[in-house]
Amino acid sequence: MSKKIIEITDEGNAFLEKVNELSGQVVTLCDQCGTCSGCCPMAEEMDITPSQINRMVQLGQVEVLDLEAIWLCASCFTCTVRCPRGLDPSKICESLRQMTLRKAIDYMDIRDISEKEMRRLPQIAIVSAFRKFTG
Amino acid sequence: MAKEKNIMEKIAHANQSVTKGIDPKDVKHWAKIYIMGKVYEVPADLTIMQAMEYAGYRFIHSCGCRAGFCGACSTIYRMKGEYKLQTAMACQTRVECGMYLVQLPFSPAEKPIYSVTKEPYEGNSFLKYFPEIARCVSCNTCTKACPQDLEVMDYVQAALRGDFQRVAELSFDCIQCGMCALRCPAEIVQYNVSQFGRVMYGRNGFPENKALKKVVKATEKGEYKKDFKNLLGLNMKQSKEAYKKQQATKAKFLKGGKK
Amino acid sequence: MKKIPYYPGCTLKTTGKNFEDSAIATAKVLGLKLLEIDRWNCCGTVTSLTQDDLIHHIASVRNFIRVQEMNERGEVDDYRLLTLCSMCYNTLKSVSNVMQERPDDLDKINNFMDREEDYKGGVTVVHLLELIREMGFDEIKSKVKKSLGKLKVSPYYGCTLLRPKEVALDDPEVPTIMEDLLNAIGVDVIDSPKKSMCCGSYQTVRNPKTVVRLGYEIIESARKRGAEALVTSCPLCAFNLDDRQKEIKLEHPDFERMPVFYFTQLTALAFGLKKDVNNFDLNFTDPRPLLKKKKI
Ligand code: SF4
Ligand code: SF4
Ligand code: SF4
Ligand code: SF4
Ligand code: FES
Numbered sequence: 001m002s003k004k005i006i007e008i009t010d011e012g013n014a015f016l017e018k019v020n021e022l023s024g025q026v027v028t029l030c031d032q033c034g035t036c037s038g039c040c041p042m043a044e045e046m047d048i049t050p051s052q053i054n055r056m057v058q059l060g061q062v063e064v065l066d067l068e069a070i071w072l073c074a075s076c077f078t079c080t081v082r083c084p085r086g087l088d089p090s091k092i093c094e095s096l097r098q099m100t101l102r103k104a105i106d107y108m109d110i111r112d113i114s115e116k117e118m119r120r121l122p123q124i125a126i127v128s129a130f131r132k133f134t135g
Numbered sequence: 001m002a003k004e005k006n007i008m009e010k011i012a013h014a015n016q017s018v019t020k021g022i023d024p025k026d027v028k029h030w031a032k033i034y035i036m037g038k039v040y041e042v043p044a045d046l047t048i049m050q051a052m053e054y055a056g057y058r059f060i061h062s063c064g065c066r067a068g069f070c071g072a073c074s075t076i077y078r079m080k081g082e083y084k085l086q087t088a089m090a091c092q093t094r095v096e097c098g099m100y101l102v103q104l105p106f107s108p109a110e111k112p113i114y115s116v117t118k119e120p121y122e123g124n125s126f127l128k129y130f131p132e133i134a135r136c137v138s139c140n141t142c143t144k145a146c147p148q149d150l151e152v153m154d155y156v157q158a159a160l161r162g163d164f165q166r167v168a169e170l171s172f173d174c175i176q177c178g179m180c181a182l183r184c185p186a187e188i189v190q191y192n193v194s195q196f197g198r199v200m201y202g203r204n205g206f207p208e209n210k211a212l213k214k215v216v217k218a219t220e221k222g223e224y225k226k227d228f229k230n231l232l233g234l235n236m237k238q239s240k241e242a243y244k245k246q247q248a249t250k251a252k253f254l255k256g257g258k259k
Numbered sequence: 001m002k003k004i005p006y007y008p009g010c011t012l013k014t015t016g017k018n019f020e021d022s023a024i025a026t027a028k029v030l031g032l033k034l035l036e037i038d039r040w041n042c043c044g045t046v047t048s049l050t051q052d053d054l055i056h057h058i059a060s061v062r063n064f065i066r067v068q069e070m071n072e073r074g075e076v077d078d079y080r081l082l083t084l085c086s087m088c089y090n091t092l093k094s095v096s097n098v099m100q101e102r103p104d105d106l107d108k109i110n111n112f113m114d115r116e117e118d119y120k121g122g123v124t125v126v127h128l129l130e131l132i133r134e135m136g137f138d139e140i141k142s143k144v145k146k147s148l149g150k151l152k153v154s155p156y157y158g159c160t161l162l163r164p165k166e167v168a169l170d171d172p173e174v175p176t177i178m179e180d181l182l183n184a185i186g187v188d189v190i191d192s193p194k195k196s197m198c199c200g201s202y203q204t205v206r207n208p209k210t211v212v213r214l215g216y217e218i219i220e221s222a223r224k225r226g227a228e229a230l231v232t233s234c235p236l237c238a239f240n241l242d243d244r245q246k247e248i249k250l251e252h253p254d255f256e257r258m259p260v261f262y263f264t265q266l267t268a269l270a271f272g273l274k275k276d277v278n279n280f281d282l283n284f285t286d287p288r289p290l291l292k293k294k295k296i
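Just so you know, the protein sequences line up as chains P, B and V, in that order. If you count the first sequence from 1, position 94 lands on 94 in the numbering used here, and the numbers rise without skipping. If you count the second sequence from 1, position 158 lands on 158 in the numbering used here, and the numbers rise without skipping. If you count the third sequence from 1, position 17 lands on 17 in the numbering used here, and the numbers rise without skipping.
Simulated from the structure, these hints should not be mistaken for laboratory data. Owing to the predicted nature of the structure, the values given are computational and were not obtained by experimental measurement. Each hint should be verified, as a subset may be incorrect.
For lysine to any residue, the following SDA-like pairs were computed, each having C-alpha atoms within a straight-line distance of at most 20 Å [claimed, not checked]:
| id | chain 1 | residue 1 | chain 2 | residue 2 |
| --- | --- | --- | --- | --- |
| 1 | V | 13 | P | 119 |
| 2 | V | 13 | B | 183 |
| 3 | V | 209 | P | 114 |
| 4 | V | 249 | V | 272 |
| 5 | V | 209 | P | 88 |
| 6 | V | 33 | V | 72 |
| 7 | V | 13 | B | 205 |
| 8 | P | 116 | V | 285 |
| 9 | V | 194 | P | 118 |
| 10 | B | 210 | B | 224 |
| 11 | B | 210 | B | 229 |
| 12 | V | 275 | V | 107 |
| 13 | B | 84 | B | 183 |
| 14 | V | 209 | V | 186 |
| 15 | V | 209 | P | 71 |
| 16 | V | 246 | P | 118 |
| 17 | P | 103 | P | 55 |
| 18 | B | 111 | P | 118 |
| 19 | B | 144 | V | 66 |
| 20 | B | 144 | V | 58 |
| 21 | P | 116 | B | 124 |
| 22 | V | 209 | P | 35 |
| 23 | B | 84 | V | 272 |
| 24 | V | 165 | P | 119 |
| 25 | V | 165 | P | 10 |
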């Protein structure tokens with residue numbers, strides 16, 4: 001396997017700083033143990049796992065914002081209670097979602113949900129989906 | 001000036017400055033206001049709407065009933081030296097010194113199409129047509145914006161939990177001015193939500209009024225035909241008399257007197 | 001009867017009415033009157049997880065002001081706010097903690113809500129399960145009139161009662177509170193390793209497929225150990241694990257439906273309360289055939 005050198009740019013550093021600020025976490029504390037990825041119930045459907053999300057943030061890779069994984073997080077807090085470094089990956093995911101939502105770009109268009117589903121879904125589902133997926 | 005003036009005369013009197021013109025010499029108090037950024041001196045006893053007309057504006061929209069019912073004349077203003085953004089109906093609010101005013105021609109809103117007769121009377125109907133009510137953050141901005149002093153946030157919350165009756169009761173006096181919708185950070189169109197609530201409640205939830213049913217039946221049978229004919233035949237003076245008599249009976253009835 | 005302020009949440013007024021009715025009836029037996037706070041508003045169902053996002057805390061704080069007012073008027077005997085829905089519990093409790101820890105942010109919120117009296121802090125949030133534990137499970141045992149012994153039920157905690165630690169009503173990894181309650185009312189409790197695995201939560205709106213996968217895992221894991229039904233305290237878990245069984249069945253044709261109870265429906269049964277408080281019509285999978293089979 002050929003080695004790839006990742007350069008940490010000023011822009012990347014600023015991105016890391018922003019995530020730290022929004023989430024109240026120090027993402028660089030993550031030592032990539034993988035516990036969060038191992039216990040995440042959504043990891044199966046995610047394109048990268050929670051620990052990989054953290055790695056991308058550490059390296060200032062803004063492309064992480066375009067991945068599906070951050071939206072698939074269900075805020076279940078399993079990682080939160082298990083991280084041996086005391087980090088809260090759920091807050092990191094939320095910060096990343098917020099960075100997109102705050103630009104008035106939504107992840108969910110409620111019109112895509114069928115009328116039948118809208119009749120069925122309980123209020124809590126719709127309220128929380130709006131809060132997580134729309135800005 | 002006659003002591004007992006009816007409401008229409010009062011309105012006509014108040015509008016004189018605009019309809020008949022006014023001599024600046026007769027004006028005792030003046031107010032300095034700003035209309036869309038430009039400063040004007042206007043007679044202080046005018047409503048915002050009259051003041052704007054006095055200043056030379058002509059309303060081709062944003063004006064309807066001139067009596068506080070139609071909701072067309074939504075106005076936003078800030079007072080000099082205050083941070084609060086206020087709302088009012090231009091036809092109902094007097095100008096004050098230091099008002100920075102802007103008229104809102106229209107607040108764009110999407111109104112879904114529903115069938116009152118076919119729509120099932122169940123809680124989630126609100127969410128089906130107005131899913132955005134689930135975005136309400138309970139900031140209360142809508143309530144603060146409402147010139148009718150309605151508890152707008154409370155009726156949005158009632159809609160969210162499918163309580164048609166509460167929506168209908170809380171929103172009864174809504175004049176659909178659109179102020180709430182314009183200020184809502186969740187982009188909800190409150191007045192369309194409440195209108196849906198009221199028509200649905202009116203049709204399905206409101207307890208049947210037996211007296212009304214009786215009157216409708218009697219009307220259909222033609223029992224009031226003669227009365228109607230009489231009324232339509234009255235001249236202006238007679239109909240004014242008839243109206244006064246009707247109002248007096250009504251007042252007596254509302255006070256708890258006999259019919 | 002002791003009066004406690006009660007926050008229902010939107011869903012308990014619609015699809016979760018069976019939860020509310022059975023809970024109010026259960027509480028009554030235990031000498032508790034749930035006094036619904038007036039003019040409550042949706043708590044938001046999820047807490048905002050970014051540091052600077054205060055507007056989403058407002059909804060919960062407004063409800064705390066209602067509790068404060070009820071206490072000032074002397075209408076209730078408790079400064080705690082009782083919840084039934086796990087998601088409301090989690091959201092309200094998180095916000096209560098945040099407001100306790102960040103007085104500056106509370107000031108900002110109070111300033112924003114200039115039409116309300118200031119929230120002075122101090123309203124704590126409790127779940128009915130916690131109140132029951134506080135009374136003691138022996139107390140519960142003494143109220144049991146009907147044996148549910150043959151019913152094999154597996155508790156499903158989900159996420160929001162247990163995580164994060166700061167809001168957990170029990171040990172996040174080894175909870176026992178539901179087991180203790182179920183044991184007290186004489187149910188045959190079946191343990192399942194997936195009892196606190198996430199059901200997919202709000203992903204049910206945008207990614208129902210994920211919810212179907214998780215629901216299948218959770219239900220089958222309990223079934224494998226002998227469970228005939230699940231028990232929960234969250235109307236979203238109930239929806240995801242129960243109503244979504246229709247979709248599970250499409251994916252796995254051999255799948256058999258499994259009823260999901262609210263824990264208060266089982267206490268109501270055990271206390272011998274009127275049938276209508278359980279409102280089984282609202283359970284997505286009708287549990288009555290199972291109960292009939294068990295002669296309950
Ligand atoms: S909070 Fe999100 S990232 Fe963490 S385990 Fe749950 S779904 Fe995965
Ligand atoms: S569990 Fe904590 S330390 Fe381990 S990879 Fe995840 S975030 Fe990093
Ligand atoms: S509820 Fe909204 S539309 Fe209705 S009167 Fe109040 S501000 Fe105007
Ligand atoms: S302005 Fe909008 S978000 Fe705020 S309380 Fe009213 S409806 Fe809710
Ligand atoms: S013009 Fe109709 S309310 Fe003012």
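Against the structure, the hints come out as follows:
no.: 1; hint: V:13 / P:119; result: 15 Å, holds
no.: 2; hint: V:13 / B:183; result: 28 Å, violated
no.: 3; hint: V:209 / P:114; result: 15 Å, holds
no.: 4; hint: V:249 / V:272; result: 34 Å, violated
no.: 5; hint: V:209 / P:88; result: 26 Å, violated
no.: 6; hint: V:33 / V:72; result: 18 Å, holds
no.: 7; hint: V:13 / B:205; result: 17 Å, holds
no.: 8; hint: P:116 / V:285; result: 18 Å, holds
no.: 9; hint: V:194 / P:118; result: 29 Å, violated
no.: 10; hint: B:210 / B:224; result: 18 Å, holds
no.: 11; hint: B:210 / B:229; result: 26 Å, violated
no.: 12; hint: V:275 / V:107; result: 48 Å, violated
no.: 13; hint: B:84 / B:183; result: 13 Å, holds
no.: 14; hint: V:209 / V:186; result: 36 Å, violated
no.: 15; hint: V:209 / P:71; result: 14 Å, holds
no.: 16; hint: V:246 / P:118; result: 16 Å, holds
no.: 17; hint: P:103 / P:55; result: 24 Å, violated
no.: 18; hint: B:111 / P:118; result: 17 Å, holds
no.: 19; hint: B:144 / V:66; result: 18 Å, holds
no.: 20; hint: B:144 / V:58; result: 15 Å, holds
no.: 21; hint: P:116 / B:124; result: 11 Å, holds
no.: 22; hint: V:209 / P:35; result: 25 Å, violated
no.: 23; hint: B:84 / V:272; result: 58 Å, violated
no.: 24; hint: V:165 / P:119; result: 34 Å, violated
no.: 25; hint: V:165 / P:10; result: 36 Å, violated
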